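K.L.:
This is what each chain is made of:
There are 4 protein chains.
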Amino acid sequence: MIKASVIGGTGYAGQELLRILYRHPEVEVVSVGSRSFAGQPLKDIYRNYENVTDALCETADMNELVEKSDVIFMALPHGIASKQVTGEVLKKTKIIDLGADFRLKDVDIYEQWYKVNHYNKDLLKEAVYGLCELHREDIRGARLLSNPGCYTTCSILSLAPLLKNHLVDPQSIIIDAKSGVTGAGRSSDTAFSYCEVNESIKAYKVGSHRHTPEIEQELGLLSGTDLKLLFTPHLTPMNRGILALCYASLTSDMDEEGLRQVYRDFYRDEYFVRLTEDKLPETKWVKGSNYCDIGLKVDKRTNRVIVVGAIDNLVKGAAGQAVQNMNLMFGFDEKTGIDFITDFPV
Amino acid sequence: MIKASVIGGTGYAGQELLRILYRHPEVEVVSVGSRSFAGQPLKDIYRNYENVTDALCETADMNELVEKSDVIFMALPHGIASKQVTGEVLKKTKIIDLGADFRLKDVDIYEQWYKVNHYNKDLLKEAVYGLCELHREDIRGARLLSNPGCYTTCSILSLAPLLKNHLVDPQSIIIDAKSGVTGAGRSSDTAFSYCEVNESIKAYKVGSHRHTPEIEQELGLLSGTDLKLLFTPHLTPMNRGILALCYASLTSDMDEEGLRQVYRDFYRDEYFVRLTEDKLPETKWVKGSNYCDIGLKVDKRTNRVIVVGAIDNLVKGAAGQAVQNMNLMFGFDEKTGIDFITDFPV
Amino acid sequence: MIKASVIGGTGYAGQELLRILYRHPEVEVVSVGSRSFAGQPLKDIYRNYENVTDALCETADMNELVEKSDVIFMALPHGIASKQVTGEVLKKTKIIDLGADFRLKDVDIYEQWYKVNHYNKDLLKEAVYGLCELHREDIRGARLLSNPGCYTTCSILSLAPLLKNHLVDPQSIIIDAKSGVTGAGRSSDTAFSYCEVNESIKAYKVGSHRHTPEIEQELGLLSGTDLKLLFTPHLTPMNRGILALCYASLTSDMDEEGLRQVYRDFYRDEYFVRLTEDKLPETKWVKGSNYCDIGLKVDKRTNRVIVVGAIDNLVKGAAGQAVQNMNLMFGFDEKTGIDFITDFPV
Amino acid sequence: MIKASVIGGTGYAGQELLRILYRHPEVEVVSVGSRSFAGQPLKDIYRNYENVTDALCETADMNELVEKSDVIFMALPHGIASKQVTGEVLKKTKIIDLGADFRLKDVDIYEQWYKVNHYNKDLLKEAVYGLCELHREDIRGARLLSNPGCYTTCSILSLAPLLKNHLVDPQSIIIDAKSGVTGAGRSSDTAFSYCEVNESIKAYKVGSHRHTPEIEQELGLLSGTDLKLLFTPHLTPMNRGILALCYASLTSDMDEEGLRQVYRDFYRDEYFVRLTEDKLPETKWVKGSNYCDIGLKVDKRTNRVIVVGAIDNLVKGAAGQAVQNMNLMFGFDEKTGIDFITDFPV
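For the protein sequence lines, the chains are E, L, D and Z, in the order given. Just add 783 to wherever you are in the first sequence, counting from 1, and you've got the numbering used here. Just add 783 to wherever you are in the second sequence, counting from 1, and you've got the numbering used here. Just add 783 to wherever you are in the third sequence, counting from 1, and you've got the numbering used here. Just add 783 to wherever you are in the fourth sequence, counting from 1, and you've got the numbering used here.
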């Protein structure tokens, strides 16, 4: 039984994390952090916690938290964790950061895309990028775990086997991703009000979304190339789910079955990656679960492969993967507390 | 060709009104009022106006507006129109108020339910309640037209024939109404954000919604009784539409066919009321139109009648009815510019 | 560890049941029954079962099933279970019927509302009505458990304390209930296609829904009266959830706090009933959970109480309650395998 | 005043067409064709026609229809119009075919993609492809008008200026398009039932959708090249709207402003094409209108242009464009009867 704290527990990702942690057999939640709702019972903000916990939201001091926590989850806007996580903190507790501050190894790229300074650059080297399927061994020993972004998780897992095996032109990649509205966080912006979002779809931040360099970093590592790709996200009228269509030009003449075998080999032992074989993923089949579903098609007419990935943005794309990382970091079975069957239709 | 101004043109009701007015063959829009967006082109706020108008939003002075307008529509929160509409104003132009300030004849009831003072009580007597199907002749001569509320329109039209003909116990009425989310207006409140509203239904202001006294006033007039009813609204996960289920205890032993004949007689010449006979209304069939669909069932087991009414809250429940009133006030054909066929599925 | 079979496992309720059973620590699923999909892997029909089970759907013979099952769940259209469940069957295994065949004690009422003959009337007396909060002790010893309907569960739980304590006129009850679309089952009817249901709400079977006599039976038992009530269901554009507004005339002068205390006393030890106190239930807070949330308002103007109940129709309204019953029947902790925290926003 | 018939009037596109025609000032509808609903009043199938028309659906004989119609609209599955439209028919009336049979000039490509024989190949040459913005002069004189597909219209209009001006590599095009559910037609397939479609997104027919050769034909004509592109459609949980993201590699070093000027020049006189300048299109702003909104971004990092197009699939993508074509063919003002302002939020 370990003691866990969550800073930023009342955003959608933080709340999802709490939902998982409160049912995790190896975890006791010792602090629910929320600046906006400090002093209020969590169950008054999210009424699904009625009968679950009487915990009050608090704005705990980092020094206190490190004393009482075996692990601290941070679910905060970028720029805050890079201030709060220091070498001193890491001596006393483990950190799992759901934000972006420790994802990019190159601080210049971070500062260029996020338009803020990084306050603990020296920790970037130590920080482990928590995509379990790619960095499991490093994760086990990590003190500072940087949990990947939602679009990122889906995109990298979809493309990794192709890049690793040099089957596509790394400079040809286009990722066209569609996200549910929870991806935008809990918002009071009119632009995210029901009537403005319902019954419409739009692309946003075309070519300029901050998950781009993160995907490039990881795919670059896999392929051994410095690559540039085009990433386009969409706001889709549904609560949850990411569907990523990844387009790339084939450099081999492998057919669909050949490529699928590459994926089967690559993900052979991965519990949370499901290959959909001759079908393609749909977000409804992963909703509420920690699975990443992946399928692919080859378009012989244009010699391209289209890989389709689907995740729940708040589970495998955030809270579920954070707990998967925690499980690894503390030596629990990787599936503990996150082996959900998607509830359907939900 | 008359000149029309709209004050509060960038709320959902105001915008719907502009959409109708810009295609009305007898109307020229001379001012689009909006305090929030003053100085900005309407088409920058609502991009459906691209190619339609280059009008800028403005916060026009009432004195200026009365000079250049044959009619001024006011689509404002309650408490403002009661200040701005004066006897002087009415000497120079006609007013159609989509708000609540001039709907209740009894100023005490107004002040009790709305918790504000009324600043021009003397005009309450002159104000005509703009439910065309009930007050057509008075509307034709009106200078100050008070446009009914959305729930109100649907509820009164659904029950009017029963009350007028003394077929139900006036003290037995329960109205259980469901509204789309546009009914709450254009909002930046987190409570109306997509993820909080989507895939859920709730009742609100049970027994305390401000449309209650308005319904009581009109049904009281029809029945010649001072009645009290219970009104319950719901927030339904859809953009538009109101469905009102009106329950009442029968005082006669009329069967369904008998009651339907009463409705046919009552609404014989009403273009915008459609009786659904052996089917019941659904909001999809009235969406985008100025129709009110009405159907009914008798429950012999409990000796009750259930009348079901459906309207589009922004059309017959607001902007469409406002234009229907304008048509009457200026001697145009009542259907001019609002004879829409519901677009389906939309 | 008990062995469970599900007949009718590919409808929405059956599938929800399987989802729960496959994660229940005391259950092994030994047969997934489906006439429509016999011979096909469950995971091909519901792709959320990928990585969960390779079970094939089958149309098992009842004689075989009773031999290998400690409990058989039946999730079938009405009229089938009444043929298949016999005294012989009950000697060998326990039955939990999610259908309607054994809910009504009076076979005449059953045959009148369901328009079919009942083939094992003699078992009606033995059958236990599985509303755990009302019949827990009988459930523990049951061989034939009749699981309540979805609307029924929500309505009875909402009204039980009032009827039991004679606080309302039993003949004054009106229940206006709104259900998500899963309530209609998995359907290929155009009337339930996305575009026909989306963005619209309608009432159906007003005064004639088959859950009516079931609610009357249970409330009649509680109040000791033969009562008739009016029940109206609605199809709401969302996947899951039931919200029931229950209107009744007060016979005492108790205020809201007094009535709430009655509810607190009545449900003191009930884990799966949550009282929302000064707030009202919303379906989003119970979705995916086995909770029934209940709140109330008093309308002094008309001397009525309005009780609002909310459940997930597929969980507390079907599969969750079925497992709650199973837990009781086999002596497990009542919460085992169904103690879900609502996932939000989902 | 011309006489128009519609064959296939009860599909979603046919119905949308009727809605427009019944309010078109120059048109009298003389026949509503429907094999499925022959003999039934249109208003019984689509209740929005109550108060609009008492027309009965009929399965009129083509010989009769040509005698009484100035124009016949055909909204049928592929393979039927190619049988029914003959040289004899065209001598007597004008045909506007909303189906696919006369869109592809190369009959081999038609038969290869549609897997049926074409029965009147000799008419393919005469048939005019009814994308008004590209073929206006030919349309004016057409007897046989082939109305473009929905995805097609949006994709071609989005890319035409680039191909015409040789600004992109014609072999580099990827179109990732998202459609509302009406695009699948009125369906009783479980796969399109509310609960299966709601709250999920999926790609389908990746690289194999039949609109692909149609887009290639028109873009090939514009560019003077035989090009192959990759087209991927998605089913999006909303009723209406298409959003197409068109990716292509730039062959010039033009920046965004330069490219936008190309679009402004190309569409200078086009009423129904709106350029969104520094914003990007969203489907909500075109819903219910005949507009095609187009915007673009340049991604300098990968030297690609992303053009975003949005239309209402049932209006500009089907019925609205059909009427736009009719207006041209009969010498009416091109906007007559289709100059709708998008109703918002709807």
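For the record, the hints were derived by calculation from the structure and aren't laboratory data. Hints are not guaranteed to be accurate.
Said to hold, decoys possible - Here are the in silico distance ranges between beta carbons for each label pair:
no.	chain 1	residue 1	chain 2	residue 2	range
1	E	Ile785	Z	Tyr987	40 to 46 Å
2	L	Arg1084	D	Lys874	35 to 41 Å
3	L	Thr1008	D	Tyr902	52 to 58 Å
4	Z	Lys1083	E	Lys888	50 to 56 Å
5	E	Lys1062	D	Gln954	51 to 57 Å
Quick caveat: nothing in here was measured; it's all calculated off a predicted structure. Glycine included, C-beta positions come from ideal geometry on N, C-alpha and C.
K.L.:
Is the distance from the Cβ of L:Thr1008 to the Cβ of D:Tyr902 consistent with 52 to 58 Å?
P.N.:
54 Å, holds
K.L.:
Kindly confirm whether 50 to 56 Å is satisfied by the beta carbon distance between Z:Lys1083 and E:Lys888.
P.N.:
24 Å, violated
K.L.:
Mind checking the hinted window 51 to 57 Å against the Cβ distance between E:Lys1062 and D:Gln954?
P.N.:
For E:Lys1062 and D:Gln954 the Cβ distance comes to about 55 Å; the hint holds.
K.L.:
Between E:Ile785 and Z:Tyr987, is the Cβ distance one that fits in 40 to 46 Å?
P.N.:
With a Cβ separation near 45 Å, E:Ile785 and Z:Tyr987 satisfy 40 to 46 Å, so the hint holds.
K.L.:
Okay, L:Arg1084 versus D:Lys874 on CB: inside 35 to 41 Å?
P.N.:
At 40 Å between Cβs, range holds.
Hint 4 from the list above is the single one not met by this structure.
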